[in-house]
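K.L.:
If you're matching them up, the sequences are chains A and B in order.
Residue 214 in the working numbering sits at position 190 of the first sequence, with consecutive numbering throughout.
Residue 160 in the working numbering sits at position 132 of the second sequence, with consecutive numbering throughout.
Calculated directly from the structure, the hints in this document are not laboratory data.
Yeah, the Cβ is synthetic: ideal placement off N, Cα and C, and Gly gets one too.
Some clues are possibly wrong.
What follows is a list of derived Cβ distance ranges for each label pair [stated by the list, open to error]:
1) A:Ala223 / B:Gly101: 31 to 37 Å
2) A:Leu231 / B:Gly101: 33 to 39 Å
3) B:Gly47 / A:Glu100: 39 to 45 Å
4) B:His220 / A:Arg245: 45 to 51 Å
5) A:Lys26 / B:Gly148: 20 to 26 Å
6) A:Arg241 / B:His113: 50 to 56 Å
List of simulated lysine to aspartate or glutamate pairs, EDC-like, C-alpha gap at most 20 Å [to be verified]:
7) A:Lys26 / B:Asp137
8) B:Lys96 / B:Glu125
9) A:Lys26 / B:Glu125
10) A:Lys26 / B:Glu63
11) B:Lys96 / B:Asp142
So the derived list for chain A, only partly shown, Cβ under 10 Å to chain B, looks like this [as the list claims (entries may be wrong)]:
12) Arg34
13) Gly51
14) Phe52
15) Asp67
16) Leu112
17) Pro138
18) Arg181
19) Ala239
Single-letter residue listing:
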Amino acid sequence: MKAVLALVRRDIALSFREGGAIGVALGFYLVVVAIAPFGLGPDLNLLARVAPGLLWIALLLAALLSADRIFHNDYEDGSLDVLAMGPLPLAGVAASKSLAHWVTTCVPLALLAPVLGLLLNFPIHTIPLLVLAMLAGTPAVSFIAGIGASLTLGLRRSGLLIALLVLPLYVPVLIFGVSTISAAVTDPVRLGRRFMLCAISLASMVLAPLAAAAALRTGFR
Amino acid sequence: MNTPFTVTLEARGVACDRGGRRLFEDLSFALAPGEALLVQGPNGTGKTSLMRQIAGLLPLAAGEISAKGAEAGTPTAELCHYVGHLNGVKTSLSVRENLTFWADYLRGDATGGDVNAALGVFGLAPIADIAAGLLSAGQKRKLALLRLFACPRPIWLLDEPSVSLDVASVERLRQAITGHREAGGIAIVSTHVPLGEAFTHTLDLHALDMAEEPAP
């Protein structure tokens with residue numbers, strides 16, 4: 025347990041110390057959402073209708089920008105070898121590093137989402153639910169990104185390849201994420217979709233590290 | 029000062045394949061507490077691969093490597109320290125933060141080892157709070173070697189540990205290996221530079237396919 029804490033703390037410290045990643049992700053999210061009305065036109069009703077989908081898709085892309093950092097730096101400088109020899113199984117290493125990615129990338133993005141929602145004429149009274157839905161769904165985003173990052177270990181410019189590998193796996197998160205928020209606008213009573221979103225996140229938190237560990241093991245060769 | 033280690037390491041019939049080529053095969057050795065193995069051989073004969081196999085980072089093509097005398101169920105990798113060509117040093121963390129992380133991480137829930145004492149081994153204590161990115165190559169290597177002291181483990185796997193170290197530091201490393209062996213530890217070192225350490229075993233790796241394949 026101490027090892028998990030030490031690893032998560034170090035990864036969070038590194039991501040703040042080295043900077044860049046969070047700022048780029050937030051800036052990308054802002055720009056993508058901000059230019060959408062130029063493409064879709066100034067129809068406020070239309071913007072409000074596409075807002076949930078747009079916010080989610082832009083968030084997925086922004087989160088993937090820094091996904092290659094999950095393992096790449098540690099692989100390059102030899103840290104991953106030593107991490108593999110610690111008391112944590114490789115799946116534990118993958119889970120800790122995915123968790124750190126969630127804290128440093130997905131949580132700031134989810135917190136920025138309401139501000140961007142305003143740009144899209146998203147109803148203000150559903151903003152708490154928007155943040156909750158994103159916080160519930162984004163663990164799946166980080167943990168599945170961990171699979172992509174471990175599969176592309178050692179490749180140069182692996183970022184785009186990760187997006188290609190991982191985006192199809194985000195379909196369930198996207199479907200239930202968008203429908204959770206849309207449902208909240210029209211019918212705030214039904215909770216089923218929200219629990220589905222939580223279920224997807226919990227399942228990825230358990231299963232994705234196992235897949236990532238298997239990919240890391242082959243990456244060592 | 030350390031609790032004496034009682035681990036023995038045994039390799040039986042180990043073989044290694046890299047890129048579809050057999051690097052070495054039928055390699056066997058046994059090391060008792062306090063013994064040290066020098067691995068030598070020309071470039072590309074599998075010194076690093078052997079180290080990584082013992083550390084559990086590379087699969088064995090054949091044979092087995094086992095460590096006895098530790099708590100039951102502890103994987104061999106958790107008894108080993110591996111210091112290879114890459115230092116595993118984070119340039120944006122300070123020297124002390126780097127070492128503290130490795131100590132906390134590698135120890136897990138166990139105790140033992142002392143970061144402050146470890147910092148003194150190679151005289152890095154005065155620069156403990158500067159970013160590791162500002163260190164010279166030799167200092168980074170020393171920082172990587174400090175893992176050995178910050179978290180006690182019975183088996184040391186040192187792959188060319190003396191690269192970019194100055195003469196005084198190589199001597200200190202030799203003393204450290206001697207001290208580790210006196211505490212019952214095992215050291216496996218591959219080096220081209222004589223360290224002055226009296227190794228109890230020597231393993232000579234040589235190219236397997238020299239005879240069959242003519243040199244290009």
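K.L.:
Was the hint right that phenylalanine 52 of chain A lines chain B, CB cutoff 10 Å?
P.N.:
Given a least distance of 22 Å, the restraint on phenylalanine 52 of chain A is violated.
K.L.:
Would the stated hint for aspartate 67 of chain A survive a check requiring a Cβ distance to chain B of less than 10 Å?
P.N.:
Result: violated, 47 Å to nearest chain B Cβ.
K.L.:
Closer than 10 Å between Cβ atoms is the bar; does leucine 112 of chain A clear it against chain B? Give me holds or violated.
P.N.:
holds, 8 Å
K.L.:
Range first: 39 to 45 Å. Now tell me if the beta carbons of glycine 47 of chain B and glutamate 100 of chain A are that far apart.
P.N.:
violated, 21 Å
K.L.:
Is the shortest C-beta separation between proline 138 of chain A and chain B less than 10 Å?
P.N.:
violated, 31 Å
K.L.:
Should the interface hint for arginine 181 of chain A be scored as holding, given a Cβ-Cβ cut-off of 10 Å against chain B?
P.N.:
Where the cut-off is 10 Å and the nearest Cβ of chain B is about 21 Å from arginine 181 of chain A, the hint is violated.
K.L.:
I want to verify a distance hint. Is the separation of the beta carbons of leucine 231 of chain A and glycine 101 of chain B within 33 to 39 Å?
P.N.:
violated, 25 Å
K.L.:
If you take the shortest Cβ to Cβ gap from arginine 34 of chain A to chain B, is it below 10 Å?
P.N.:
Status holds, d = 5 Å.
K.L.:
Does the hinted range 31 to 37 Å hold for alanine 223 of chain A and glycine 101 of chain B at CB?
P.N.:
holds, 34 Å
K.L.:
Lysine 26 of chain A and glutamate 63 of chain B: Cα distance at most 20 Å?
P.N.:
violated, 32 Å
K.L.:
Should the hint that histidine 220 of chain B and arginine 245 of chain A are 45 to 51 Å apart at their CB atoms be regarded as holding?
P.N.:
Between histidine 220 of chain B and arginine 245 of chain A, where Cβ atoms are some 25 Å apart, the hint is violated.
K.L.:
Verify the CB-CB distance for arginine 241 of chain A and histidine 113 of chain B against the hinted window 50 to 56 Å.
P.N.:
Given range 50 to 56 Å: violated, Cβ gap about 20 Å.
When each numbered hint is compared with the structure, violations occur for hints 2, 3, 4, 6, 8, 10, 11, 13, 14, 15, 17, 18 and 19.
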